[in-house]
Amino acid sequence: MKTGKEFIKTIFFVELIKGMAFTLKTLLFTPPVTRRYPNKVKVPAQPGFRGLHALAKNEEGKMKCVGCGLCGAYCPSKCIYIYTSEGEDHTKVVDRYEIETPRCIYCGFCVEACPFGAITLSEHYEYSTYSRDSLYMTKDKLLENWDKYFAGEKGKRYFRDFWRPKTTDFKGYEGQAMFKGNKNEK
Amino acid sequence: MEKILLKNIENPNSADINEYKKAGGYGVLPKAIGLQPKAIIDEVKKSGLRGRGGAGFPVAMKWSFASGDPKFPKYLLCNADEGEPGTFKDRPILEKNPHLLIEGMVISGHAIGAEYGYIYLRGEYPVAKKILNKAIAEAYDAGLLGDNVSGKGMKFHLAVHQGAGAYICGEETALIESIEGNRGQPRIKPPFPVNVGAFSMPTVVNNVETISNIPYIIENGGDTYSKIGSPECPGPKLYCVSGHIEKPGVYELPMGTSLREIIYTHCGGIKGNKKLKAVIPGGVTTPVLPPDKIDCLMDFVNMPKHGSMLGSGAVIVMDESVCMVKVCLRILKFLEHESCGKCTPCREGTGWLRGVLERIENGEGSKGDIDLILSVSDNIMGKTFCPLGEGAASVVQNFVKHFRPEFEEHIKDTGCRIHDKKHASCIVHHES
Amino acid sequence: MITISINGKEIRLEKPMTVLEAARSAGIKIPTLCWHEQLEKYGGCRLCLVEVEKMPRLQTACTLMVADGMVIRTETGRIADVRRGILEFLLINHPLDCPYCDKAGECDLQDLVEKYGPVTGRFKEKKRKVPESLEDPVIVRNMERCIVCTRCVRMCEGVQGASAIAVIDRGGHSHIEPFSGGRFDCEYCGNCVSVCPVGAIMSKLHRHSYRPWQLVDEVETICPYCGVGCTLVVQVRDDVIKRVVPKLGTVVNNGLLCSRGRFGYEFVGSKERLTKPLIRIASKTHDASRVTHNEIFREATWEEAISFVAKKLEEIKDKYGSDSIAGIASPRCTNEDNYIFQKFMRTAIGTNNIDSTARTGFAGAQNFIENIFGQGATANIIPGLSNSDSVLVIGGDPTAINPILGLQIRACSRKGGNILTIGKVKGLRFFNPVSLKPVLYTETVLLEGIVTALRERIGLPGSNPNLEAGIKDINISDGEIEKTCGIKGNDFTMFMKILSESSTPSIVIGKELVQSNSGNYKLLLIAAINYLINGRIYLLSERANEQGLLDMGCAPDLLPGYRPLTFAEFRRKYENSWKTSIPDKVGFSIFEMMDAAKEGSLKALYVMGENPVFNLPDARSVEAAMKNIDFLVVQDIFLTETARLADVVFPALSWSEKDGTFTNMERRIQRLRKAVHREGMEDWRIISEVSKHMGVPLNYSNPEDIFNEVSKVSPLHRDMTYEDIEKGEAVYPYKGEPLRGVSEEIKFQVPSSKFQVSDKKLYLKLERPLFHSGTLSTKAPALVNIYPEAMARISPDTAKSLSLGDGDIVRVSTKIGSLELPVSVDKELDNSSVLLSNNFEGKGAFSLMEYTLDSVTKAPCIDYNEARIEKVNI
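Protein chains in written order, with my numbering: chain A, 269 to 454; chain B, 119 to 550; chain C, 194 to 1067.
The hints are simulated quantities; they were obtained by calculation from the structure and are not laboratory data. Hints should not be assumed to be uniformly reliable.
In silico DSBU-like pairs for lysine-lysine, Cα to Cα no more than 35 Å straight-line [to be verified]:
no., chain 1, residue 1, chain 2, residue 2
1, C, Lys464, A, Lys424
2, B, Lys121, B, Lys392
3, B, Lys121, B, Lys149
4, B, Lys125, B, Lys149
5, B, Lys307, B, Lys163
6, C, Lys222, C, Lys397
7, C, Lys676, C, Lys954
8, C, Lys202, A, Lys422
9, C, Lys397, A, Lys407
10, B, Lys140, B, Lys163
11, B, Lys252, B, Lys163
12, B, Lys451, C, Lys317
13, A, Lys424, B, Lys485
14, A, Lys360, C, Lys676
15, C, Lys905, C, Lys440
16, C, Lys322, A, Lys332
17, B, Lys273, C, Lys308
18, C, Lys477, C, Lys464
19, C, Lys477, A, Lys346
20, C, Lys308, B, Lys307
21, C, Lys464, A, Lys330
22, B, Lys164, B, Lys189
23, C, Lys464, A, Lys346
24, A, Lys325, C, Lys322
25, C, Lys247, B, Lys307
Output of the computed footprint for chain B on chain C, the stretches with three or more beta carbons under 8 Å from beta carbons of chain B [said to hold, decoys possible]:
no., segment
26, 275–283
27, 359–371
28, 577–588
Note that the Cβ used here is the ideal one computed from N, Cα and C, for glycine as well.
When you get a sec, could you build the whole thing from the sequences and use the hints?
Structure (structure tokens):
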């Protein structure tokens, strides 16, 4: 049941006029919040931003990944596909390492799961495109990404600052096993 | 004291059957075979004889278990696998007095109802093997072994089985495995060998020394025997003394002789009149004793009261020039080498302990290492399949217990002051 | 009744068991590594230590027997410390290469460390380093990872009975090694692989190509190789079978497999598989083996090929009559395939000319024995063998033909049973057999002697007068046996003593007996022995569905459900349910088909999943017969020797690509399940399509439909459904009643003349190797790696007299042909035999063997094939 005052307000469109006035004020007298991306403004991602994936290389320039598959096992959206096989010298060879990026939720679990620091998330995030195929990351593309986004010091810094795998300092529940070794000694 | 076990050994031909018979050997055998097995067991029970292999289990009890088992055939195994470092007590019997052992085997075989006996001989005793085989052949020729022992219709066959040099085969179940032709590893107990032993038949395993006591007991009665030595575990005992001692050797003394008496009265004291530093009283795996504890009486009952064990009666005497870390390491090296590999704590633990000790000895030890070896030995203790691994753990625990400062110095000084060249100029005396 | 308490939970037990078993029965988990339910207890890993009240020391749960009133605690602080300590010990020498190790994810040690293990390691010394051993073709050993639980050794020694591996060295250096050093010289059962708790012993197949959690598709199915019918779990990733593992608790094989089952699956993904229907373009007269298949065939669409076949078959049927067409069914195909096949032949074509290679032994022998006893030849369950107190083996090595059945015989020996063998049974030679080895081709005399001796010892019971009539006049003295068979009197007496005194004997019969001279008479004698000692007969079966094939009526004289065609009653019943008429004339057996083809009266032959050109003796004349057939249709997964001669070849789906059922030799019906997807049609679907084009629709949507029809029409399968089968107890029935009743008289033929073996001559005999089965296994690379090529096996004396050594190339020739092969010296072999297998393309023993047909069993006798061996100089 409306009161008399409210009734009068409704008749004279007071609410409406108030709203229109606010709109007009904002329109004319406040600067726009929207930033014009990518034409004018381009904010660099902060270090540690979880963007496009890359496969890390070691000092010798070889892929660090051994194909253990833990990233794929952890991945909540199951978008990592790894295929390995026995190489000529009976070692394990990673034939295919593929990430279906459109399905990735950038949670970074893969990075955490990796015992070797082989899968990384770079700060690069601008890779929208018109074809799905180019979003399907293959091993070669991912290795290329490393060279593109983690070249030189940047890669080292990334591991120093942001790689916190469970295997080194993650304190699990009591009795949790860990692989402790020379892999990641600082 | 009248020698019972080492009787007649001064005679250069003591291993000969005729010499043995001349000294009264095989005299009691016909009488013993004439007795009911039960009577022999009772006599042994009266004597209070306990096994001389190290554990001191009452012999009569073991026998009555085996003879009470209805399965047939039964086996009598003589454990002559004298592998414990420092132990050489059976060797004089095997080499000088084999017929005493054979006589004891026949009587024991009769007591438990075994028709087959084996002497499981240590791999490193080739001389003893020759002598034993000769003695057994002599005994067969004399009708003391075979299908009709002494013409009394008892059947007893005896053979020597030589091991391949594994320490673990001195453990009775491993010995049985080895005799069966398997890998020498201890078996699950129970069932105990007295019920399911060699070839799954009731089996008694007795030490050489134990069996050698039997003829005397039957001849002179259990009561006479029980008056020798300690009342709880009577009889003569062979002590083998080695190390820094004036007169090392095997001594037959009554059970319960004090360690001090053995070292200073019988063996002529420490070599070169140096100061005594430590004694291992019963083979390397028994806990080491510092000098202030050598008044203990050496028998199965009193030794545990002093924190050690009689073991096989192998007394190893060490004077002040000895580095205890090195001794500990040497013992661990032996035990690591001899670990059979069946159970995890012993297989992996002995190697680990050896590794850490090696590090300490080489002066590469770090601060927490003593606690580490204690913790590792604690992880071994009470979890192993057989006593070998526990022996290793107890060695470490006791060495650290009695000589901890020496271990700490090794870590602090990054090496050993006693034998390390680096510290040669400043040899100091270690107090325990 | 024993009452114990574990962790405060009261447990009542009916019988004594170990604490561990008691805990497991109550659902309490105690961690273990060396313990395994199939193996003897060991007590080595010390992980299962538990606290028991009134016992000062911790006790190993796996060895401690429960006692009434025991109070046990498995989860205390002290126990947790112990477990952590033990796992720390295990890890000091165990490499932490889990990301690399294929076992990670299903590794017992990994799981336990993750649950109970230490957080950090304190071990600073050097780890043990042992290089990985890749010398073996199938098994990889990584002894760095070994935790010396000795499960593999106990499996090899105590269950498999191969005793091929052992623990070498002592203490921390202990590791597992095959006795031959690098390469395993064993039965390649791979059971060590399945019990290894860590990644120390692993299969080389598909190595490094999967992680256990990526094998999302796990399908329980039945082994495609022999008649035992072991349950396999096929693990698949992306439609590729990555591995085959056994499953604990299955009735037939309970966690055990043989080399073929475990390593022989790769034929499914072979590149040689047929993919499209093929239609012949070349003429038939040329030498097919010299031309590539593109020159013989052109690829066709399914529609084209099917309508072509239907049209041709119609034409031939109209022109020459139904009986000018015949069909060969397959013991490798499912019951459903075979049922549809015989229905197609009997309804769409209208003939009883259906047979299979089961005719070469199994069918005849089974029929013969069933006629005598009125019940199935192997109407006993396989695990029952191990409870026998003696097992008599004759006519083949069960450990090679039916390895898992062989294991039961070994288990019987281990339990204290006696093993009796006639002839050489290599796989049982370490199981203390009492072995009679008669001179070549004199088994008949020996068997007669056994019957004589048994009759004297036991006497005729009188319950089977027909059989007794057949054996009452046999009289062979011990002296005659010694003279003829060369068997010493003592050996024979001991053999007879055991045989006559056993109370639960079993008799295992191999195909060699059926395929030997006077096979029917020998079978009669075996039946007599069985009758006299009151035993149970096991008939070895070399193919997965040999039994099911016969049940489905793929025989010229049998209707589905093992019903004789000649009984009008039965025929009428089927006519009613199929709503058509069934010809009453008994059809051609497989050998009669070949004869008819040779003389030209057989115009068309439809072969489903079989390779008669290779799998029938006197293969060359079979080939000639096949070439003489106007229209040959072959349905197979590979372009076999027979398929090369075909006018139309249909590519079929193989095992693991289709659903269905197999019936094993003990008559257990088991489900075959589809594990991988492949384009194409199942055998039954192809046939029903052809049938549809011929105007006789066979409308089924899936195998279950077909089976439902089978269970309606076949009295053996009455009311059986897939659900029943899935429960695992579908051993079909008999319900204790004889199948057909005992026949009036037993037909058999006493051999007239005794064949004399010449000392100087060699005779070609068939080898039935453990690692191969038909040609199928030669498409599995792992099995080929183990047993790479056909070899002529000769005795050391023969080798010496011809100055031959292992690997020398020889020419083995018989009256009908010759082959050049490497030679292999077999110490177990006698001096008058040459063994050759019939597995390798172009090198089959059957191409050198002539045969005579047994008058009663209709099985081929392949004895008396004289062979010559000469060295070929290259």
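Tested hints:
no.	hint	in the structure
1	C/Lys464 - A/Lys424	violated (46 Å)
2	B/Lys121 - B/Lys392	holds (31 Å)
3	B/Lys121 - B/Lys149	holds (22 Å)
4	B/Lys125 - B/Lys149	holds (21 Å)
5	B/Lys307 - B/Lys163	holds (25 Å)
6	C/Lys222 - C/Lys397	holds (32 Å)
7	C/Lys676 - C/Lys954	holds (20 Å)
8	C/Lys202 - A/Lys422	violated (59 Å)
9	C/Lys397 - A/Lys407	holds (26 Å)
10	B/Lys140 - B/Lys163	holds (29 Å)
11	B/Lys252 - B/Lys163	holds (32 Å)
12	B/Lys451 - C/Lys317	holds (18 Å)
13	A/Lys424 - B/Lys485	holds (34 Å)
14	A/Lys360 - C/Lys676	violated (64 Å)
15	C/Lys905 - C/Lys440	holds (32 Å)
16	C/Lys322 - A/Lys332	holds (23 Å)
17	B/Lys273 - C/Lys308	violated (58 Å)
18	C/Lys477 - C/Lys464	holds (26 Å)
19	C/Lys477 - A/Lys346	violated (55 Å)
20	C/Lys308 - B/Lys307	holds (30 Å)
21	C/Lys464 - A/Lys330	holds (33 Å)
22	B/Lys164 - B/Lys189	holds (26 Å)
23	C/Lys464 - A/Lys346	holds (31 Å)
24	A/Lys325 - C/Lys322	holds (27 Å)
25	C/Lys247 - B/Lys307	holds (18 Å)
26	275–283	holds (count 6)
27	359–371	holds (count 8)
28	577–588	violated (count 0)
The structure is inconsistent with the numbered hints 1, 8, 14, 17, 19 and 28, although it conforms to all the rest.
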